[in-house]
Structures are given as C-alpha cells and as structure tokens.
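Here is how the chains run, residue by residue.
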Amino acid sequence: MIRAKLSFLLLPLMSLLWTPQEKIKVYLVGDSTMADKEVKAYPETGWGMPFSAFFNETVTVDNRAKNGRSTKSFIAEQRWQAVMDQLKEGDYILIQFGHNDEVPTKANYTPEDQFAANLVRFITESRSRKAIPVLITPVARRKFDIEGKIQETHAIYAAILRKVAEEQKTPLIDLDKESQQLLQQFGPEDSKLLFNYLAPGQNPNYPDGRQDDTHFNELGARKMAEIVLADIRALKLGLADRIVISNLKIK
Amino acid sequence: MAENRIITRCITKAKGMAITTMLLSMAFAFPSKKIKVYMVGDSTMCLYPTKQLPINGWGMPFANYFDSTVRIDNRARGGRSTRTFLSEGRWQPIADSLEEGDYVLIQFGHNDESSQPQYADRYTPVPDYKTNLIKFITETRSKKAIPLLITPVSRRNFDRQGNAKETHVEYTKAVFEIAYQYKVPVIDLDKMSRELYQQMGPDRAKWMFMELDSAEHPNYPVGRHDNTHFNEFGARRMAELVINDMKQQHIALAEHIVTGTNKSNVNNAAK
Numbered sequence: 001m002i003r004a005k006l007s008f009l010l011l012p013l014m015s016l017l018w019t020p021q022e023k024i025k026v027y028l029v030g031d032s033t034m035a036d037k038e039v040k041a042y043p044e045t046g047w048g049m050p051f052s053a054f055f056n057e058t059v060t061v062d063n064r065a066k067n068g069r070s071t072k073s074f075i076a077e078q079r080w081q082a083v084m085d086q087l088k089e090g091d092y093i094l095i096q097f098g099h100n101d102e103v104p105t106k107a108n109y110t111p112e113d114q115f116a117a118n119l120v121r122f123i124t125e126s127r128s129r130k131a132i133p134v135l136i137t138p139v140a141r142r143k144f145d146i147e148g149k150i151q152e153t154h155a156i157y158a159a160i161l162r163k164v165a166e167e168q169k170t171p172l173i174d175l176d177k178e179s180q181q182l183l184q185q186f187g188p189e190d191s192k193l194l195f196n197y198l199a200p201g202q203n204p205n206y207p208d209g210r211q212d213d214t215h216f217n218e219l220g221a222r223k224m225a226e227i228v229l230a231d232i233r234a235l236k237l238g239l240a241d242r243i244v245i246s247n248l249k250i251k
Numbered sequence: 001m002a003e004n005r006i007i008t009r010c011i012t013k014a015k016g017m018a019i020t021t022m023l024l025s026m027a028f029a030f031p032s033k034k035i036k037v038y039m040v041g042d043s044t045m046c047l048y049p050t051k052q053l054p055i056n057g058w059g060m061p062f063a064n065y066f067d068s069t070v071r072i073d074n075r076a077r078g079g080r081s082t083r084t085f086l087s088e089g090r091w092q093p094i095a096d097s098l099e100e101g102d103y104v105l106i107q108f109g110h111n112d113e114s115s116q117p118q119y120a121d122r123y124t125p126v127p128d129y130k131t132n133l134i135k136f137i138t139e140t141r142s143k144k145a146i147p148l149l150i151t152p153v154s155r156r157n158f159d160r161q162g163n164a165k166e167t168h169v170e171y172t173k174a175v176f177e178i179a180y181q182y183k184v185p186v187i188d189l190d191k192m193s194r195e196l197y198q199q200m201g202p203d204r205a206k207w208m209f210m211e212l213d214s215a216e217h218p219n220y221p222v223g224r225h226d227n228t229h230f231n232e233f234g235a236r237r238m239a240e241l242v243i244n245d246m247k248q249q250h251i252a253l254a255e256h257i258v259t260g261t262n263k264s265n266v267n268n269a270a271k
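Protein chains in written order, with my numbering: chain A, 1 to 251; chain B, 1 to 271.
Keep in mind the hints are simulated off the structure, nothing from the lab. If you're wondering where the values come from, they're calculated on a predicted model, not measured in any experiment. There may be inaccurate statements among the hints.
Pairs of lysine-lysine residues, derived as PhoX-like cross-links and limited to a Cα-Cα distance of at most 20 Å, are as follows [said to hold, decoys possible]:
| # | chain 1 | residue 1 | chain 2 | residue 2 |
| --- | --- | --- | --- | --- |
| 1 | B | Lys-263 | A | Lys-192 |
| 2 | B | Lys-144 | B | Lys-183 |
| 3 | A | Lys-130 | A | Lys-236 |
| 4 | A | Lys-23 | B | Lys-51 |
| 5 | B | Lys-51 | A | Lys-25 |
| 6 | A | Lys-40 | B | Lys-247 |
| 7 | B | Lys-263 | A | Lys-37 |
Taking the hints into account, I'd like the entire structure generated from these sequences.
Right, here's the structure in full:
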C-alpha cells in the first residue's frame, strides 16, 4: 500500500525530471569576428566556430554571421528576415555587431541612433516569436598604448549596446570589456598569439604573411567563445543547461 | 491527373538515368584520379571528434592546405605504435588499396618508445620499430606509391635553463637510419617542432598544447595539462612545419599545396 502511494506521488515528479529537452537553435548574427570562415581563409577563425562545440545534442548552433556586415547591411540583405522566418519559441539569438557599424567611411556605416534602433528591432522581433535575444558587445581589437595598456576600440558602439540591453532588459555579454581584460593579461606581444598573425611563407593561404589585429586565429577564437560561454553560465540563461557534459575521464 | 503524375515521374526517372549514364561515361572518359595521401601514426597526428575538442592531431589542419587533386586520408590512431598499428590490422587495408602515385606519411615513435611497464601493450624496441618502418616502406613502394618518413613531433620539455630538450632521441635516430638505408625523404618534425618551442620559450610554447583550466572548456571539466598533445593552434603550427618542409625538399606532393591570395595588409576595421 505504502509503496503504491509513494509511486503515485513519485511518478509525476520523475516524469517532470525526465522530460527530454526540446531541440532548439542558437542563431549567431554578427560580423567577421563571429562568422564561419571558408577554408581558404584559414587559420582566420570566427569565435562562432569553436562556440558550436560547447553544447549537447539538443542544440544546433546556426552561425549566420557574415564578414563585413553591420546591423544596417544585415537587415538590408534580408539576412535578419531569413532568421525571423525560421525562428521558433525557445530559440536563442546571439547578436554581436559594431565593428562595421562604427566606421563612418564604410558603406555599411550605421549612425548611432540607427544602430540603437536596429538593436531594439532585433530584440522586439525575437521576443514576438518567443525567442530569447542576447546582446554581445563587439569583441575588442588588439590595440595597446606605448605603456602596454589595452585601448578601447569600440567605446561608443559598445556603450550603445549596454544602454539598449539595460533599457530593453535584455541579457548582455560584455565581450568588448572581457576580451580587453584577456588581451591585457596576454600583453602587447603575446596577444598576437590570439590573432591572425602569420610570417611570410608560414601559411600557404597567406603567402606574404599577415598581421591582423581584428581577426582571430583558432586559439583566439576559442578563447573568445569561452568568455561567451562563461557569461551564459553566469547569466543563468536556460541555454546553460544544455552545455555538453563530458564523459571524458582523462585529465 | 494521377496517370499524368505517374507519367511525369517515369519521364523524370528516365531523365535521371540518362544523366547518370552520361556522367558515368564521362567519368571513364576523363578519369580524375585523386592522389591519396594516407597518414599513419599516433595521437599527435590523428583526427578527433567534436566531443574531444580542442585537442587536434596535426593531420587535421594539414588536410586544409591541398588543392582538389589531393585527398588526405588520416588513418592515424591514438595510442598506436608501429607494432600495434600492424597487429590490429590497420596497415593491411591501406597497403591493399594503395595505387601508383599515392603517398604514405608515416609518423610513429611516441608509443613505440614507451618502455614503462604500464605501456607494455604498445612498447616496440628500436630493432622492431625499424623492421616495421621497413615493412611500411617496401609495401608502399611495391604499389608504386611514395613513402615519407616523419620523425615524432617533440614533446614540450624544457630544462631549468629554458632549453628545449630532445624527447625522442633513439627513435628519431632510427627513422634517419632507415631513411638513409632505403633512400626515403625524412621530414624532421622532431627537430623543427623543438626549434619552434625554443624560439617561443617555455611559457609561450604552452599555448600550442592542451593546457586548459577546469572552468575553461566543457569537454574537459577537470582541466588538462598536457605536454604531448596539441590544441587547434599548435596542431596547425605543426602542419605548417610539415608543409613548408615538403616544399623545401621539393617533394612532388608539395606542388599540390594551395597558394592563397589573401593579402598581407589588412584594414584595421573588420572585413
């Protein structure tokens, strides 16, 4: 009798615990620092590439970020609409723009007020589909002063992202600030290990070498993805429950 | 209506078959045989699944730098010595499928040399190691394929004065002896990697290896401190050393290494 009663109480509770997670998508929208790369551009790596390895089988990371895009051109090219057309309840949208929006000489330049308005649009439209938008400040460029102190490279546009996130009560990952801290730890010389720095003749894809203070190599991209992941945990986003649980015993 | 649909489907099917036949006959008319490059070796060279990232064998990035006439087939496996690679039947299928003009890149030593009792299953004394290398070479050549010997990539091991130490002395020497005797090109990855570690120094060289703290990567919840296995960055640096040495030695395969068109200067702003 007692056992029967117990199981009567326990069964619904257990089924709650055992409910399999619904499959979701995590859309990445942003620029070249986040984007998937063509093999001919390797070892340049967007941080969305290593990011996709962090989650269990219920998550599909769909990296829609594209080289050179600002919020303005991402919308104008119907790339935003394409995401909206597929977005489902419970999906996540990680939004990182600024690198191209902030450059007045670029065709894709997005004035400050327009940048803010575009972000608000991304948030509102995501939420209207019961998806979860997350704003990410633009990952820092490698820029040090002569004393070896890291410099702000996105001050105005990162501030706009922070302000919009606060006003719209949207989770914010301050990748600009946190990547600056990481670059400072590495210092002016060693931080080159994180970027696409190649000596002439070192890599077949870059016969004349490369010195790129914006785009990452494999190591830098993974380090940036790890910052984003740590913040997803710290913000206690539901997505954190879907981080892969390793069965690797090896240390 | 239904009849129409069936007819359309039949026509589509017939068209499909016609196209298939055409393509097949074209394939025979214009044989596009790819050069196959088999990679045989150990955990420092092999492929890894996503759940083990960011560990990378150097064979993974290596495959990204060849044109479409080359197919890289990475058969390396973690923990294997020349002896266990053979005894597990991993070599025979390669030997069987080799064709004229294919390559076999051979890098063993890490496990052959592990003489501690717990590795008795893989340990291969130097004389046997040499015999096994000779078998790889002669069976490759009997198929008119081309063997390349690679000395085992160095472990990260510095002395107190900050000098990178040799970590595979006897087995690297054995590779050279066999290479000399059988006139096989050697890619001295042991030496080239050690020179790179030296140039970077003890601390910076760590960034090429599986050095993870516990909170860093979900695949390694207790972290990892490993002076043998590479991360994505280190694996690519090793692949670059092999690629550039192949070019320098004018190994014919190097003609199929891509020549990129990416510029050296980059706009300060993102692309």
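For this session: State the violated hints by number, sorted upward, taking the hints as numbered earlier in the document.
Result: none
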